[in-house]
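Dock chain B against chain A, hints included.
For the record, the sequence lines run as chains A and B. FYI, our numbering numbers position 215 of the first sequence as 215, with every residue one higher than the one before it. FYI, our numbering numbers position 318 of the second sequence as 318, with every residue one higher than the one before it.
Bear in mind the hints are in silico, worked out from the structure with no lab data behind them. Some hints could be false.
One copy or any two copies: either way a pair holds, since identical chains are not told apart in the list.
Claimed, not checked - List time: in silico DSS-like cross-link candidates among lysine-lysine, alpha-carbon distance up to 30 Å:
1) K121 to K238
2) K98 to K177
3) K177 to K303
4) K243 to K177
5) K98 to K239
All values reported here derive from a predicted model rather than from experimental measurement.
There are 2 protein chains.
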Amino acid sequence: MTNKVNAYGAMSSTTPLEPLVIERRDVGEHDVQLDIKYSGVCHSDIHMTRDEWGFNSIYPMVPGHEIVGVVTQVGTNVHQFKIGDVVGVGVMVGSCQKCTPCTNGHEQYCEQDFIGTYGVKDIYHNNEITHGGYSNSIVVDEKFVLYIPQPLLPKLNAVAPLLCAGITTWSPLNHWKVGGSHTVGVIGLGGLGHMAIKFARALGAHVVAITTSIDKIADAKKLGAHEVLLSNNPDEIKKYTTKFDFLLNTVPHSHNISQYVNLLKLDGVMVIVGALVPLDGLNGAELLSHRRVVTGSAIGGIKETREMLDFCAKHDILPDVELIKMEEINTAYTRMINGDVKYRFVIEMN
Amino acid sequence: MTNKVNAYGAMSSTTPLEPLVIERRDVGEHDVQLDIKYSGVCHSDIHMTRDEWGFNSIYPMVPGHEIVGVVTQVGTNVHQFKIGDVVGVGVMVGSCQKCTPCTNGHEQYCEQDFIGTYGVKDIYHNNEITHGGYSNSIVVDEKFVLYIPQPLLPKLNAVAPLLCAGITTWSPLNHWKVGGSHTVGVIGLGGLGHMAIKFARALGAHVVAITTSIDKIADAKKLGAHEVLLSNNPDEIKKYTTKFDFLLNTVPHSHNISQYVNLLKLDGVMVIVGALVPLDGLNGAELLSHRRVVTGSAIGGIKETREMLDFCAKHDILPDVELIKMEEINTAYTRMINGDVKYRFVIEMN
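Chain A with its partners taken away, still in its complex shape (with noise of 0.2 Å):
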């Protein structure tokens, strides 16, 4: 059995997105349904529509991979959530709960692949095409249902983006250990740096934005940053050459990370969160001399989720936010594309 929910997305990956009609499958015994209140634009969700990193996506395709919203449904045998709880879905609602990344908590390395929470066949639930979050209502395993603590509710708007960028951003610097000792660069002022830099400091470490627009200096001060890097002015960069012991890299497209390398001291880390292509510009000679690392990370476990999100309750943290209706989302995309967000867009449900 199936209901029929309001979305809207992409039939193509040349056309914009549009109102659609999507099936949902039935509350099964281990599944909770939700009414959508938020979600929020991750920028993979234009790389997905459109099909920019050869994914060979499936249409119609409704994104959305950062929902917020109510419990209105729950299986006969769902333990954690009740009808009325407010609660979140991030990027996964899958996996195979067996392998060993799943049992230690690390599902978003499932062995089998996660399920993604749109654009991929679930094969948990009878290869249904899994369809995200801009729509009005979504059904998911209980075990990929996160609970919001108490004190974000009133602020419930800005929550959805946790559940990507500020779990992309914080399971880095928890794996790694990033505190108070740390000097710590965040390459990338967008959704997910924005987060970086309100996590490393309320960690203790001591913050450097690190971007080539003049123009985020002020803004990324006020989101917490302790100074502000200027990667394209070569002076700036030679100053700050082996001072970082952690470099969190949010750049979204390939680059040259030679620049960026050289920043770090011993043993210094540089993890890659954005760019899921090509990187140029690794040098032996910089990586042996220093004992450098460079790694990457994807989003975060569910274990590891909830402790972010508890985290975030207990600093008051959330995103910076601005509200759309679910028909501004074209014209949001060429905003975002354009860098013209601050930080994240959220989509308003009806």
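Relative to the frame of chain A, chain B by itself:
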């Protein structure tokens, strides 16, 4: 005061090595003088004498940074060594001794730069130009002299390469805590690679030699590899995808790292120790899909070198060497370039 010493070295980047007379300083209060008995021949000796790394080599250049000899004189303030001790000298003969890396036993990452055993200006000793092990004797600060453990003395002619090839492969295995539960790949089967196989095996890991050469299968197994992966066979590469916890990449030239990165499992680590040059094939998606780490490692600290020598003594680990006379050095270089050495030349001094 200085002393004249017979040596072999290069007068320019384009001439073969030839007999030279060099000057060594008198033994200072912290110095140890040794009669050199054996000097290992490292591939970097070729790069340096021919200035192939663009370091502006200083001529005449006397290479050699894998030195074993007998103490013939000690300074008034030397406490660790006495005349007659059998000792070694590796890649470093000085460092600032004050910075954080130095005080933590990581002299190879000295913030002032360590003093190389040959071919550099020694700022701690009147800016003298250092000369290496292709000579009859050397004078070195005792902090950079290593006691050769007694169990290694009966095979002294094979010990010298431990001071570079040995510590360079030991240090990353030690730093990343490689041990019994790990599947370890050793990429490249030369001077470094053959040591890495022996160490990884003795540490209890499951060891896979990764080579392009079908001829090396039997040898790799004799050295201790449990398996051999032929990296120019796409089917074999595919079979080993996400199978490795740790890869030690000893390839000494620029290459595409992508096929190796994809061999790493979740949180797997590849350490570059051979290629001090630009590397191709880094891809953000390949890093972040399994949180893979690409890093480098440079030789090792003095304390770590002592530990490595003790480990070799305990586990009876020594490089496979071919002994040569000093006047055979140019032929040896040609054979090394052709990959015709198993696995390290050692010069037997008169």
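Here is how each hint holds up against the structure:
1. In this assembly of identical chains, K121 and K238 lie within 30 Å of each other by CA distance solely across copies; the values are 24 Å between and 48 Å within a copy.
2. Taking the closest pair of Cα atoms, K98 and K177 come within 30 Å of each other both inside a single copy (27 Å) and across two copies (27 Å).
3. Proximity of K177 to K303 under the C-alpha cut-off of 30 Å is found in both arrangements, the shortest distances being 16 Å within a copy and 27 Å between copies.
4. Taking the shortest alpha-carbon separations for K243 and K177, both the intra-copy value of 18 Å and the inter-copy value of 26 Å come in at or below 30 Å.
5. Taking the shortest alpha-carbon separations for K98 and K239, only the inter-copy value of 22 Å comes in at or below 30 Å, while the best intra-copy value is 48 Å.
Hint check: no violations occur; every hint is consistent with the structure.
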